[in-house]
Amino acid sequence: MEQLSRIGVALLRGRLWVILSITLLCGSLLVPGFFSLRTLAFSLDRASTIGIVAVGMTAVLIAGQIDLSSGSLVALCGIVTIGLQPMIGPWLALFLAILTGGLIGLLNGTLTIVFGIDSMIATLATMLGISSVAFLVTGSLPVSGTDPLFGVLLTGDLVGMFTTRAAIFLLLVVLLQIWLTRLPSGRNLFAVGSDIVAARDSGIAATRVLMGTFIFIGLCAGLSGALFSLQVNTGSPVFGVTVLLSSITAVVMGGTTLEGGKGSALGTLGGVITVTALTTASEYASVPAYIQGIIIGTILIVLIVLDRTIGRSLRSATDRGALIQASPEEPIPREKENRNE
Amino acid sequence: MKLAARLGTKRKLGFSIGVPATVLLLLMVGSVSSPHFLTVSNLLNVLTSISIVGIVAVGMAFVTMSGGWADLSVPAVIATGAIILLGTQPTLGTLGAMVVALAACALAGAINGIVIGYIRANPIIVTLGSNIIVLGIAQAFVGGRIVYNSDPLANQLVKGKNLGVPFIVIVFLVLALIAHFILARTVWGRWTIATGGNYAAAAASGVPVRFVRGIAFVLTSVLAGVSGCLLALSLQSVRPVIGTGYDFSSFAALVVGGVSLLGGSGSIPRVLGGLLIVQLMSNIMVLHGFPTTAQGLAEGLVIVFAVALDIKLRKRSGGL
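Just so you know, the protein sequences line up as chains A and B, in that order.
Using my numbering, you'd call the opening residue of the first sequence number 1 and step up by one each time.
Using my numbering, you'd call the opening residue of the second sequence number 1001 and step up by one each time.
Among the hints, erroneous ones may be present.
[What the hints assert, rightly or not] Incomplete in silico selection of chain A near chain B, CB under 7 Å:
id	residue
1	I121
2	I301
3	V302
[As the list claims (entries may be wrong)] Every beta carbon over 12 Å from chain A, so not counted as near; a handful from chain B, in silico:
id	residue
4	P1090
5	G1093
6	L1153
7	A1184
[Stated by the list, open to error] To give an idea of the chain A side of the interface with chain B (calculated C-beta under 8 Å), a few residues:
id	residue
8	L111
9	G129
10	L258
11	P288
12	Y290
13	I291
14	G293
15	I296
16	L300
Since the hints were derived computationally from the structure, they do not count as laboratory data.
Values in this document were obtained by computation on a predicted structure and should not be read as measured data.
Yeah, the Cβ is synthetic: ideal placement off N, Cα and C, and Gly gets one too.
Okay, chain B solo, but in the shape it has when bound (with noise of 0.2 Å):
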């Protein structure tokens, strides 16, 4: 009890002051290197690219904090659900065809809730798999070409505002404020931290370890459909590409914000803060005028940094 005690302090002391720091930190760098990253609709970009990416981590730290590493299925649902909703809108209507892409990405991340939950096998590899698997029927649902279709109403509902705050960004808050209130009010946000802590431990106290691991990565799938929607009612036209990245960036913004890899630890105020750290440096590097290809190598360095610095702050703390 007193090893965890200190253990948590030490770790929640590292993030709990990087972060905001480092927050701050971008803030300043960018508004002083450039002169557009202190503007309205600058700022209002950040936030609508959180709010996509924030979709899909708020799931993803399910995941995470359950123990199951990430789920790299992320951008074949995101393309399933955007192309689906584009797919089926003439035939069903724009919410008909939501909720049909919604249930198609909830199968995919169901078929991945068993094999990793259930038969607990190798996370990493078997979302590598299932994304290539469910992009490429997502792909031949279309036969691999671009979808079009647009409703004016929903498009100028996901574009709009409300008291100047984007739609899109309204849905991430409203999500992340549940998901906040699951995690740490609720019997399942303590089984899912007991079962990314201490799987055997949790596991004899009769928590079903499996099944709230199975369910975090149908969550994360359920929330990447959103994302796709989302994403396609305000292009109104989607290739299977448009989740690329989308993956890495959502599990990079969690290991920043100090979600621990080895589960059990982790709270979505943290999945924010990652997102901030992550959102920021990428737009401050847009303004700059690097690639955007650049983003990868940056949130390749972040995510080495941040789990090597979260394992010494563990091992300092006295082990395990």
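Bound conformation, chain A alone (with noise of 0.2 Å):
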């Protein structure tokens, strides 16, 4: 039994390598030509919408948050790009589309710490919402730009082997981990999010902390639908619970957990390169969109499962203490729970 669980533990840490390997296995034997120089270009380029999201979803995840508006602010931002080019010209909406992202992450954070919503409740109000307003501004129909050049700038190839925006990805992976393993405040993120109150206790100024979490996921966000608006040249309000749900899965398959404290930027770049591999694999296989989402959805169910019932000792998300946030003036201790009910 001591070994079996000692087995499963040693699968958990490796469950990054285990399923990529299983999905490069998958992708190599259905779709031809799976290794080639191209179709790894391709899959980073794609890889660059849900990973710059992913970038942020660490850092929040890191923090014990979550962000669950950050699908839909993609569309918003996608579509303040393309739709305010005729308007006031590309570079302007551009700016324009990544305040956007910045401003909603300060009213997310403005939701969660000083109203004391926990943020799983304040995000999910703020995605209606945001997603609501993208159906609004476009009549439920995608708009296009009116300057498909500006869009081959960004977009297009850098080096004749990845694109301007793929390298953005990387850059600001390789920053995040900078930030997180090199600097105070990158090690001030884990201490909040692993327990808030002997962080407050100890000095940190947490709430700061929180806030920049969020308005730096806001920003990722927008940049993010920015950068694939432009590419398509159009901005569409559809889609959100998608972009959602794969940077959700691809963090947590880089062994960040739900509960926060814990997590790696690297681990999110494998977790964001095999979620991408298992999408890319699927198109040229011509699988349906729906099936996607039925491994998408069981892989991370699949994680969650594992990350409560071997991974950690078991704390139930929806304990008091963790739903409402500490107030500053007074800590409110966290109930502990009887192990053993």
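Take the two lone chains, each set in its own frame, and fit them into one complex as the hints suggest.
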């Protein structure tokens, strides 16, 4: 029994490699030329949309929060990027799109920190609102841009190998890795995520750290949406949940847990590559989108279940202590739970 | 004990005055601002849409009150119920098809219930994931197409009225009454509230907390299946997106009515109040020519406002 659980833990730690190798194996069997340079470069380019969101999601999950609005935000910022082009020009529109992302991040942070609404519920509400705004401003139809050449600049090939947005994604991963491992504020993120009361007591400005991560993921979602819509020269209100679920799956696959205090940037990179390889392989094998949904959803739930059963001690995600954010004046102690109920 | 009493009064006062006042205000705004609002056909429309959402919301009330927050797999389960009903109707007959459809929905709910109740994973993420899985399976079942089928007799029954009351409204009221009885008068109701109110204490005093929370998800799925069946029988054609939005509408109704997201507080009359507010609001918006997509924005605002108010009232009454 002991040995079995030890094998389980080992498998869980190495889950990224397990899933990635299965995916690559299936991919190479099903898709001829799966390992060709062209397919790989294409995958990396595709990866950047969910990848840039996943970079922000990693920071938010490490801080013990979540942002469910980021998927709809990708759609809204894409619409801003394309829809405003005729009025104010492509550069200003791009800037405004990223700014929109940052402002929504600020809103999410305010709802969570100032109003004390759990980020799970606050961002669920903003997800609904943002998606509704995206449908409203476009009248439920995709908008196309006026300047298709502008997109080429940002999404074309950089060194003949990967595109600018893939390079931006990789750069963000490296920066996140440096931030999380080398800088004090990155380490504070882990402290806040694992125990916010203790972090506060030891002098960390937890409020500022949390607000920072919400704005960060907002900016990431804005950038991701802008780059995606520029590449296809279209802003569309219909996605959101798919981007959201894929990026959460990628981050969780990379070893970041939903409970906070644990995670890494390189793990997320691996997770993003795996999810994209999965999507690319199934598209080449012409698997319908709803079957891909089944695969992604199943992987996500199985990983969460494994994380909770083998990975760590059981602590419910919805206990009161976890639901209400401790207010700055009176820290509310988390309720410890009876483990052998 | 004192604290609990004080806490209860503040909150109860806030919502039991606020909810009826808002409903009255909406009725006034509606009748003043639109000549079509106070007509029998419009009000019957509001009642019917309340009923379809309400059947889901009654189940979701158990989820929220037992501390499981919300079940976001509702759209997929509604679609599953509807698709399976119409898909198997020719071979099994309407009643048989309904039994199969509801059994499939219960199965989906059981998976949610095990993962959330027993393994205690995060309900929002799990149900977001199971939503995409269940919807995928339902679409694969029919090959991603629209399903048509009709049973004139069942269609007439579902669209018909008894003494002027639409059949769907009667179904909803009966289900709501049963749920109210369970919540207010039985052990199961007390267990549900105890599980959401203080999980550790409830577990220590012998409440089967995991089972209670798990069953809440099964119940929600079965009721979502009932909604799906009613929709399918009255529309006679089903697309996989048929359930879109029902998760948020019912969730918004719950929190607006005063079913606390923090668990352990709420009742079916409050759910009714919340349903009235949300559906009247969207009806008034539709009458004024807002596109239906604006509804999501309104619901999002309402959720934020209600939850913030709930937390503020609790904190002001002296902590948790």
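Evaluated hints:
Contact between A/I121 and chain B, as hinted, is supported at the beta carbon level, the nearest pair being about 6 Å apart and thus within 7 Å. The interface hint given for A/I301 is met, as the beta carbon of that residue sits about 5 Å from the closest beta carbon of chain B, less than 7 Å. Annotation: interface hint on A/V302 violated; nearest CB of chain B at approximately 10 Å, more than 7 Å. With a least beta-carbon separation of about 24 Å from chain A, B/P1090 lies farther than 12 Å from that chain, consistent with its non-interface assignment.
Look at B/G1093: its CB is around 28 Å from the nearest CB on chain A, clear of 12 Å, so calling it non-interface holds up. Every CB of chain A is more than 12 Å from the CB of B/L1153 (nearest about 33 Å), matching its label as outside the interface. The beta carbon of B/A1184 is kept farther than 12 Å from every beta carbon of chain A, the shortest such distance being approximately 23 Å. A distance limit of 8 Å between C-beta atoms decides the matter here; for A/L111 the minimum to chain B is near 6 Å, and the interface restraint holds.
Checking A/G129 against chain B: minimum C-beta separation of about 3 Å stays under 8 Å; hint holds. Below 8 Å, beta-carbon pairs count as interface contacts, and A/L258 has one with chain B at about 5 Å; its hint therefore holds. With a cut of 8 Å, the hint placing A/P288 at the interface with chain B holds, because the nearest CB-to-CB distance is about 6 Å. Of the supplied interface hints, the one on A/Y290 holds, with its beta-carbon coming within about 4 Å of a beta-carbon of chain B, less than 8 Å.
Given the 8 Å rule on beta carbons, the hint for A/I291 holds: about 6 Å separates it from the nearest Cβ of chain B. Interface restraint check: A/G293 against chain B, minimum CB-CB distance 4 Å, threshold 8 Å, status holds. The restraint placing A/I296 at the interface with chain B holds, with a minimum CB-CB distance near 7 Å, inside the 8 Å limit. The restraint placing A/L300 at the interface with chain B holds, with a minimum CB-CB distance near 5 Å, inside the 8 Å limit.
In this structure, only the earlier hint numbered 3 is contradicted, and the remaining ones agree with it.
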